[in-house]
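Peer 1: Work the whole structure out from these sequences, hints included.
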Amino acid sequence: MPSRLTSHSSDLRPGTTFPAVADGFAFGGDYSPEQWPEEVWREDVRLMREAGVTSVNVGVFSWGCIEVADGVFDFGWLDRVLDLLHENGIGVNLATPTAAPPIWLLRAHPEILLVGPTGVRVSQGGRLGWSPSSAVFRRYALRVVEALALRYGSHPALRLWHVSNELGNENNHCYSDETAVAWQHWLERRFTSIEALNEAWGTAFWGHVYTTFEQVEPPRFAATSQNPGLLLDFERFSSDALLAHYEAEREVLRRVTPQIPITTNFMIQNHPGVADYGRWSHEVDIVANDHYTMGSDPEGFGELAFSADRTRGIAHGEPWLLIEHSTSAVNWQPRNRAKGRGELARNSLAHIARGADGALFFQWRQSSAGSEQYHSSVVPHAGADTKVFREVVELGAVLERIAEVAGSVTEAARVAILFSDDSAAALRSGPKPSVDLNSLDEALAFHRALTRLGIAVDVVPPGTPLDRYDVAIVATVYSLPETAAEQVADWTAAGGTLVVTPFSGLVDEHNRVLTGGYPGALRELLGVRVEEFFPLLEGESVVLSDGSVGFIWSELAQSAGAEITASYTSGALAGEPAVFRNTVGDGAAIYLSTHLDPASKAVFVEDLVRGAGIEPVAAGDPGLERVRRIGANGSWLFAINHGDEPASVAATGIDLVTGDRADGALVVAAGAVAVIREEVSA
Amino acid sequence: MPSRLTSHSSDLRPGTTFPAVADGFAFGGDYSPEQWPEEVWREDVRLMREAGVTSVNVGVFSWGCIEVADGVFDFGWLDRVLDLLHENGIGVNLATPTAAPPIWLLRAHPEILLVGPTGVRVSQGGRLGWSPSSAVFRRYALRVVEALALRYGSHPALRLWHVSNELGNENNHCYSDETAVAWQHWLERRFTSIEALNEAWGTAFWGHVYTTFEQVEPPRFAATSQNPGLLLDFERFSSDALLAHYEAEREVLRRVTPQIPITTNFMIQNHPGVADYGRWSHEVDIVANDHYTMGSDPEGFGELAFSADRTRGIAHGEPWLLIEHSTSAVNWQPRNRAKGRGELARNSLAHIARGADGALFFQWRQSSAGSEQYHSSVVPHAGADTKVFREVVELGAVLERIAEVAGSVTEAARVAILFSDDSAAALRSGPKPSVDLNSLDEALAFHRALTRLGIAVDVVPPGTPLDRYDVAIVATVYSLPETAAEQVADWTAAGGTLVVTPFSGLVDEHNRVLTGGYPGALRELLGVRVEEFFPLLEGESVVLSDGSVGFIWSELAQSAGAEITASYTSGALAGEPAVFRNTVGDGAAIYLSTHLDPASKAVFVEDLVRGAGIEPVAAGDPGLERVRRIGANGSWLFAINHGDEPASVAATGIDLVTGDRADGALVVAAGAVAVIREEVSA
Amino acid sequence: MPSRLTSHSSDLRPGTTFPAVADGFAFGGDYSPEQWPEEVWREDVRLMREAGVTSVNVGVFSWGCIEVADGVFDFGWLDRVLDLLHENGIGVNLATPTAAPPIWLLRAHPEILLVGPTGVRVSQGGRLGWSPSSAVFRRYALRVVEALALRYGSHPALRLWHVSNELGNENNHCYSDETAVAWQHWLERRFTSIEALNEAWGTAFWGHVYTTFEQVEPPRFAATSQNPGLLLDFERFSSDALLAHYEAEREVLRRVTPQIPITTNFMIQNHPGVADYGRWSHEVDIVANDHYTMGSDPEGFGELAFSADRTRGIAHGEPWLLIEHSTSAVNWQPRNRAKGRGELARNSLAHIARGADGALFFQWRQSSAGSEQYHSSVVPHAGADTKVFREVVELGAVLERIAEVAGSVTEAARVAILFSDDSAAALRSGPKPSVDLNSLDEALAFHRALTRLGIAVDVVPPGTPLDRYDVAIVATVYSLPETAAEQVADWTAAGGTLVVTPFSGLVDEHNRVLTGGYPGALRELLGVRVEEFFPLLEGESVVLSDGSVGFIWSELAQSAGAEITASYTSGALAGEPAVFRNTVGDGAAIYLSTHLDPASKAVFVEDLVRGAGIEPVAAGDPGLERVRRIGANGSWLFAINHGDEPASVAATGIDLVTGDRADGALVVAAGAVAVIREEVSA
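Protein chains in written order, with numbering that gives the first Met the number 0: chain A, 0 to 681; chain B, 0 to 681; chain C, 0 to 681.
One thing to keep in mind: the hints can contain errors.
As the list claims (entries may be wrong) - Coverage of chain C stretches by chain A, computed from C-beta distances (three or more under 8 Å per stretch; other residues unrestricted):
#, segment
1, 190-204
2, 222-228
3, 311-323
4, 506-512
5, 515-523
Claimed, not checked - Some, not all, of what chain A presents toward chain B, calculated at C-beta under 8 Å:
#, residue
6, ALA411
7, VAL434
8, ARG511
Think of the hints as simulated: they come from the structure by calculation, not from any bench.
The beta carbon of each residue, even a glycine, is placed where N, CA and C say it ideally should be.
Peer 2: Here's what the structure looks like:
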């Protein structure tokens, strides 16, 4: 029986379900037949069948090919494409084409284009150049969405609505006069009175007191930095403006095609928070994500694992869809590294291990023209007789062999890393003590250290119930809501082990520093009072009394009850305490006042999990990526070998990839992935 | 009897005096009570008294809190603040709040905002965003200044007018159409005829001949570099436009409150010449300066000493006011290094040793909101129970113990370094042979080398009488007025030892190269004729016959009478002369045609002062900073130990800091400062 | 009998000749008397005679000095200058002064100024700020050109028209609305139908379908990269717009002064293709080029040799004019290195060896004012008693001694490197797999390796007949026209040895990738099919089975008939083939799938020329630059020693520089140049 997906979308009754996007795993990619003559379509479909493709995203940038002039629609080619796909058993995630408005629309209404902070309006020729606050854009966008929904709502190939594309990627901020009015209305709804806004942002600083909402401009280019509270709210407004656009499209689609699930592709990755995906996750029927590895990172798989765990966290732990990734190189990095042999499968299966119920590539056939002509694809310029296409076919076969895994969930972890888009926005809003501080690096470093040990980790937004966790890590969560801080405190007192790193819990929701000693939101819980930051210079490091090495940052702090477990032995703070451990009820709160370097962090993490009695997902060689998915009828252990040598994992069961049977241990070849149907569930 | 300050302001009769800003040393900081509820004010005043605060700068950015709407003034809070301060014996330097116009004014009159070289007008949200050429801004600014003067002119707390803030920091250049008209008028006053302008700037180059002044635009963005003469005059015009604004405010204040001295805070530091402070120094009643150390400079105290000496030079050798510096980290550097233990006192006392009669911090209480929320302060976010506040209290106590020093002057040096803002402006106006040339590096390097030996140095503008000096150094003084060059020549002939380094004395007042061989203004004096510059590449160096090493620069030069004391032995100029010494009357002029590296410069400087028979301020360990202040009734030796080891200085007297008595020698602890009331004056 | 120059200009009947610019070699420089009082002119002419100057470029930026107000001409000074020069036997290349419009014109018509991609219009104060699509500019420019031609067309000093200056240097792109209309017309002429444009550019990508030409904007700033086909055509349009301006000036000059040859100064150097000089070369009566060495390149003479060979290639192998180079440092590099002793002569004579029949310097007398006051010149700021002037005088004497060489041509090479401006434009139009790819580096690296061995190389545009060559190198010729590819194939089959490096022959004329396996245009010829690019990261390298080392780039490729001569032994492609050799008819095609590092390239090139039986121009020490010019009555061997040690070359004849006779071998002193009139022609 095909599984169903349960929507969390706030516009539906709780528990509403839809048919799953595909039987088993969704597999395929973005398909742009409009770029090719129809004879190529037949070859495409033949190759899709060869590769076991179940799902394609169609129409993502096709507005100009569908609405060929104002109100004039040409659906002929799209009719034929959908029919052809359906005839071949391939499901369609149909995109609303609003990511790229047609040229005729931009010529008639250039006012829909974004304006930058210095007043420059972007020109045609790119994508996502539109302002989400443009009323004219909204009107045209909803008209084409409705036309599309009416035309294809009952087409048998249709499985999912793919609203627009990467909302916020290029249009995350707009500074136009029309946007300014929307921004002022947003502020008025948020603060009700201008006095409340002045108080929240502390506008007495520089005497920037507002007397009406109409006086509040977007943070356009000024001679100096803008107010941090204003900057943060503008980030939130900008995310909300994009979300409102999504919701407007959703409203049309829901009305016309209530039976079809709706999503939009997120960009949960190393660019923190172009949108507050935590909020967005409550408005989609299934979380869908785009992910691209950075070729310059020799351990890009570590970032992939972190991003996939973040995506699962945002998806409330439920299955999600990897709706875009690449078969090999992208075209927007300085030097676009290609994937080595087997890396395609390791990447796709790592996402699946961490909760994805599908793996789609951008894109099916490599464009010969256009800005992305050197972006890899399933069918390269060189055709199907290529490493890339063969590896896609092999992956398709693996996905069929492991189809039973679809619909299961990634095993719950005992370690949580807290991650917040809103905090990331606060951190980048206004000058900070060091350019080396950001929301990702420390969290990712802890995730890498844990993953290397085979420890499962959930990455969750602050406020997520922590009951199921033994260890929680708060790493550069600059802004921590008061309720989340209280929850963390309660959980610690109930026996949790909390780890906090610098620059966490410093500000309130308006980006104002909590005074009285850092970190204001966690000071009492930690039993620590930080009085002054001592950022380290580039290349500078400090040595601790336990032999650890810190970099990036140090702090002058005192215990306010916590035990001092290590002190600085070098630098300006030699002799001062560096690491603290506070016993809180049945639990403990550990505070690190510096960033430990990777080797020291590995030692710290090993002690931490040992102390908490947390075991790996499965015993195995270090570095072997180990993840378990659990379903109603069993469990599957994914073991991914990113190294050049065979690696061993404790397992008993059948490796569905090779058909080999493991009896206590399995050797995974260099570069290979095993998916073991476990006989004894973990 | 409290000392008085003697004004050099050109709008007063010579010799006019005012009461000193404080009895003893002025001590305190910028105080922004408008950012805090009134209950905090009481704690502030209590802590001020604890720290021995005498003086606070109030109202710097408070326009929007005072003039809450067009012509509507709310003085209530400021009345209460001034009364409270006065009741507690704390004097007020009251700022005119014109550095940050209110939002309502910017909304009503956006035309007062600066326009950049590409035509972008800055938006609200920053500070100092206004154009000094804006008539509308001037009108509103003078109205609020007058209102403030009328209100508080006779308030007993008022000690000093602090006009606006860091004029030119963000608004050093404006390219608006209104500015263009002011610029054209300025040029017409300067040149009288357009023919004179064409001749001065050499506009025949590229055929850019002007036929009316109305044709001369500001140096807006063009496809190539603008004319160097135009660029230099635009720097001068921009400084004059800011000065004219200052003078307009002063006129109002002088009229309403003739009994109150007036100043504005300069920014004499590593950013050369946003304004020609040499000129400005004749328009203030006391020179006041802001200074912030660069955390990335491991010997930032050397730059501090140089800047303090520059400030004293601009203040005609008389006491000046350190009106802003920081207790610890700032927030605008990439990595904002905090000050280590004792560094606060070493920094403040180094300024005082070099002539400051006060040390005020930006700011009193660390803001919780606004762009400067991470700038250090006297009362940090963590409160008064902090290293920083305790060190401020200790410093306050020291200042009381050395209060007798106030009103004295720094001992006259026998070495002068010439430094010119106008020359710095000329140097940055137009393409030069090497990006490594600038007005500061060589002068600072000589200052460091001399300071390390304990030699006192004055840093003075060209044109300053040199009679009192034995050695004068002209280091990258690109533009040297003819009269100054003549004065240097006369002084040399009378027995002085002159040192000149490359790229000095090259151009006339219009930034035109003096032809016939470099350096045109000093060629005859030096007995050297430079025919061609040989800039060195990055990382390149040359070795001289005396073992010295040069970098940055070299030159093909011949003696025209001078003795050749060293030659190049490597590089393209191997075999050519490098260092020259010309006997001139009773003196000598030395020309270095390369930049000596630090070690070579140390040797050169040691020989130089030995040759001139110049002794250290006091014998002592190298690196121990030694400065003497001399008053009517005695002298005080400051000895500042920036190192990690105790250091010794020759001294006889009482160390007012510790109360210890020195009898021939004093050991200054690592990181400590001694202020010795000398028994035998030097 | 003075030689004559044969024009290739398409507006003349084939074979039209003009008198040569000078008897023997043209020698002199840009002369700007308008910057100096008339008494200086007399000294100038005296020094010109001393130096043997034959030719000066006059009036290049003098529009504002000639047309002093709208329609008001002041020719007096120019009359006197031309008369003075003529009286002294100095010929004049008279510039049309259109490179720098007068200030009065820019004030009256600011709309002639360029607009950048974000809509910023450049301001006055620079040069070449005008848009070639401005009708107003065109009208004013042609009026002054006609006035000049009428005034001086029959002046006896006039030898050559120098149209404007470095067209495209600062005004290579304009994005104004007026330009947009010109662009749309250009596209309409190119494509006839909008459907053809859509097909060519692949506008279905992102749905950017155009329905009228009026919809196509210039590639102004957009949120993402613009379409690569559009970008490439905009480069072509921009070059054509400049060429059209040149042609419009030429039309006026040809009409008024049909007896005077016409040219404009190209900038064939390291900035690839601001204009398509291949096309331009058919519109000038003699190719004239500007060349400036980069001081940061320790082997700048290698780049000079390459650029000179490119210029000769563009000049159809015939004599050309080095119309600008420098005596020493320029003023636009970060650190402007001066030329060492003898470098001036080595540089000038290297150009002459490679086909220049003249060597002119920018500029005669160093400006005291203006943006170029620190650009070197023939008469430096220091005057004539300088290294530079003496070296110019020496060079003038050498040119007289070798005057017999003028009119001869550089000996035909047996090795050709293909270089295409249009391909360079395609390569920079749109995102590519690696930022390390460019059109110059590989071609220059091969040229250096060959030159070091003393092998003569021609650098020719694709499509040049290759019959005379034994070896041809296609290095990063990204876009190779189909006819050129066919010609290369035919030539290879006829016995040629072809070397192809990566990223050559990838796209069609519309910048669309040729599918089916790279390199589409050469795949069959090479017997290789590349399926995927593996760009290397910064600092990464790969080792090949023959010991070679590759960097920048690698590829996954298979033989489709070619022999594999080396394989990768490291990196992601270990075990895969790296170098291929395909036997084609009587010839062979070699494909390198990586960039060989310099040492490996030296070995490769040595094998290559040995295999092809190609000998050096003359046997000699490695690194000694060797070039032969051949005339009707003999041959001359240039031997240029860039090193610090004497070097030997096989030669028999008289060294015209020293008068020494060589009998089988000549030792060229360190830094010296020999020009040997050969007794036995090579």
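Peer 1: Residue count check for the segment 506-512 of chain C against chain A: does it reach three with CB-CB under 8 Å?
Peer 2: Held - the segment 506-512 of chain C has 4 residues with a Cβ nearer than 8 Å to chain A, which meets the minimum of three.
Peer 1: Is the interface hint for A/ARG511 satisfied, with its Cβ closer than 8 Å to some Cβ of chain B?
Peer 2: 5 Å, holds
Peer 1: At a Cβ distance under 8 Å, does chain A reach at least three residues of the segment 515-523 of chain C?
Peer 2: holds (count 3)
Peer 1: Are at least 3 residues of the segment 222-228 of chain C within less than 8 Å of chain A when you compare beta carbons?
Peer 2: holds (count 7)
Peer 1: Quick one, is the A/ALA411 hint okay against chain B at 8 Å, beta carbons?
Peer 2: 39 Å, violated
Peer 1: Would you say the segment 190-204 of chain C counts as covered by chain A, given the rule of at least 3 residues with C-beta under 8 Å?
Peer 2: n = 5 at 8 Å, threshold three: holds.
Peer 1: Given that the segment 311-323 of chain C was listed as covered by chain A, double-check it with a C-beta distance under 8 Å for 3 or more residues.
Peer 2: Violated, because only 0 residues of the segment 311-323 of chain C bring their Cβ atoms closer than 8 Å to Cβ atoms of chain A.
Peer 1: Using Cβ atoms only, decide whether A/VAL434 comes closer than 8 Å to chain B, and label the hint accordingly.
Peer 2: 5 Å, holds
Violated hints, in rising order: 3 and 6; the structure is consistent with all others.
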